[in-house]
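**Q** If you read the protein sequences in the order shown, they are chains A and B.
Reminder that position 3 of the first sequence reads as 3 in UniProt numbering, one-by-one numbering, no gaps.
Reminder that position 54 of the second sequence reads as 54 in UniProt numbering, one-by-one numbering, no gaps.
To be clear, the hints were calculated from the coordinates, so they are not data collected in a lab.
Among these hints, one or two may not hold up.
It does not matter which identical chain is meant; a pair holds if it fits inside one copy or across any two.
[What the hints assert, rightly or not] Think about it this way: if two alpha-carbon atoms lie no more than 20 Å apart in a straight line, the pair counts; the simulated DMTMM-like pairs of lysine to aspartate or glutamate are:
#	residue 1	residue 2
1	Lys71	Asp38
2	Lys71	Glu151
3	Lys71	Glu37
4	Lys158	Glu236
5	Lys9	Glu74
6	Lys71	Asp48
7	Lys71	Asp168
8	Lys9	Asp38
9	Lys147	Asp38
10	Lys147	Glu108
11	Lys120	Glu204
12	Lys158	Glu216
13	Lys9	Glu77
Predicted, not measured: the structure shown is a model, and the values here were computed from it.
Number of protein chains: 2
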Amino acid sequence: MGANIFSEKHQITFYETDVTNTVTPAMLVNMIILASEDQTVSLGVGADTVAKQGIGWVVTQYKMDITRLPKQGETIEVSTQATCYNRYFAFREFWVHDSAGHECVHVESVWVTMNHESRKIVTIPDNIIAPFNSEEVKMIPRLSRPKRLTEDDQLMTKQYRVRYFDIDGNGHVNNARYFDWLLDALPMSFLTRHNLTSINIRFENEVQYHHIVTSEATLMTDIPDAIVTKHRITMENGDVATEAEFHWEPIKHSV
Amino acid sequence: MGANIFSEKHQITFYETDVTNTVTPAMLVNMIILASEDQTVSLGVGADTVAKQGIGWVVTQYKMDITRLPKQGETIEVSTQATCYNRYFAFREFWVHDSAGHECVHVESVWVTMNHESRKIVTIPDNIIAPFNSEEVKMIPRLSRPKRLTEDDQLMTKQYRVRYFDIDGNGHVNNARYFDWLLDALPMSFLTRHNLTSINIRFENEVQYHHIVTSEATLMTDIPDAIVTKHRITMENGDVATEAEFHWEPIKHSV
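Pulled out of the complex, with its shape left as it was, chain A reads as follows (with noise of 0.2 Å):
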């Protein structure tokens, strides 16, 4: 039933895991959209083909339930569906399993077209989607919005200038590269002693080169129970790039 999957697998490498050689958030970003890339390309619709059309493919939010995220050295088996779609918005979908076929991370995202000079959203042409076998819906998944940063909240803050190598093959900072910016933001002391269990990010507006961003994080502390932190970036303008919304635990150390 529905859409067609597509799988790969994958090693970890240490160059792709942190201080805990566990794999980082932004490392995992890019397998899977190395996954959807090369759906893409098995399906005749690759990036390149999309470019002729003068559009291209652009994320504009992501939810991600994880179970665990995957250490060095281990083979995971990325897998995506381009589950449903309508005129303007696509849904897709990514597992990661580890190699006894448990499942550690879903994510759910929405995509759009964008025509590459007015950086407007377009409609989705029926070619480049119809490979799919997408179903065609009213209204796509509703992915609720990260909660907001307040002007009560007390804001850990740090700047990044953005570097030559942020930049990849688009001319643009890779989407990627804002996991590192929104998590650096936080104490390394949390960072080590905590596991991520879900990320909400959307992303307003495209960084670039050389651009001076601002990352600001907050531990919300009116809710029982649940970590949770919020985050955003801003641009010199004060215009939004990023908002995200990080869920954590603490690890549990076995004796």
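Start from chain A and add chain B according to the hints.
**A** Chain B only, in chain A's frame:
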């Protein structure tokens, strides 16, 4: 003849390349280190085993001759050989070949064993070097020092704060990160119009989390023909972390 050669293949992903879809020097270094680590594991003297003796391998210098840097999607073969060693230094070579068997990169490197606690160099223990079948020599091949920045040089300068995701499983900044800092000091207009033909980099002092480092670069104008940039990374106390020299050639655009 000589030491064992270890080889492994790797397909270059989009997230290992730059705006020109060419593998980044940082990622290339990660790939050769991966081959070297995989060789040590295959010989039963991986990092875990070595760490049990309270020591670790540390690279002090890389010298790379580059015919061409591979592109996104290419499958390369990375080969390595622990060529020779003496009491304190080990000399390791790497080769990167493309799928047609042409040599893309040849790397010579110098390694020492360092005590984890004292951070001092120790005699290379017999049991961790023996499995490589390396030649024991009086003197390992001498690699020239990178050309030094002088007081008269006009410097291009950028600062970097070490981020959480710059830290690897050893708790230090991964050497590969230095390449991003070194090269990002040069203008994008230079980086996108020149190919690297050789690299000489020497690591002097370790950089830690939250350090602020300064990357300084100059284009040598007092030499005919060759295009050479000289680089230095300094720490807040003025100590030199890294010195490097890069050679370049203009990219010839085919019609």
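**Q** Of all the hints given earlier, name the ones this structure violates by number, lowest first.
**A** 2 and 9
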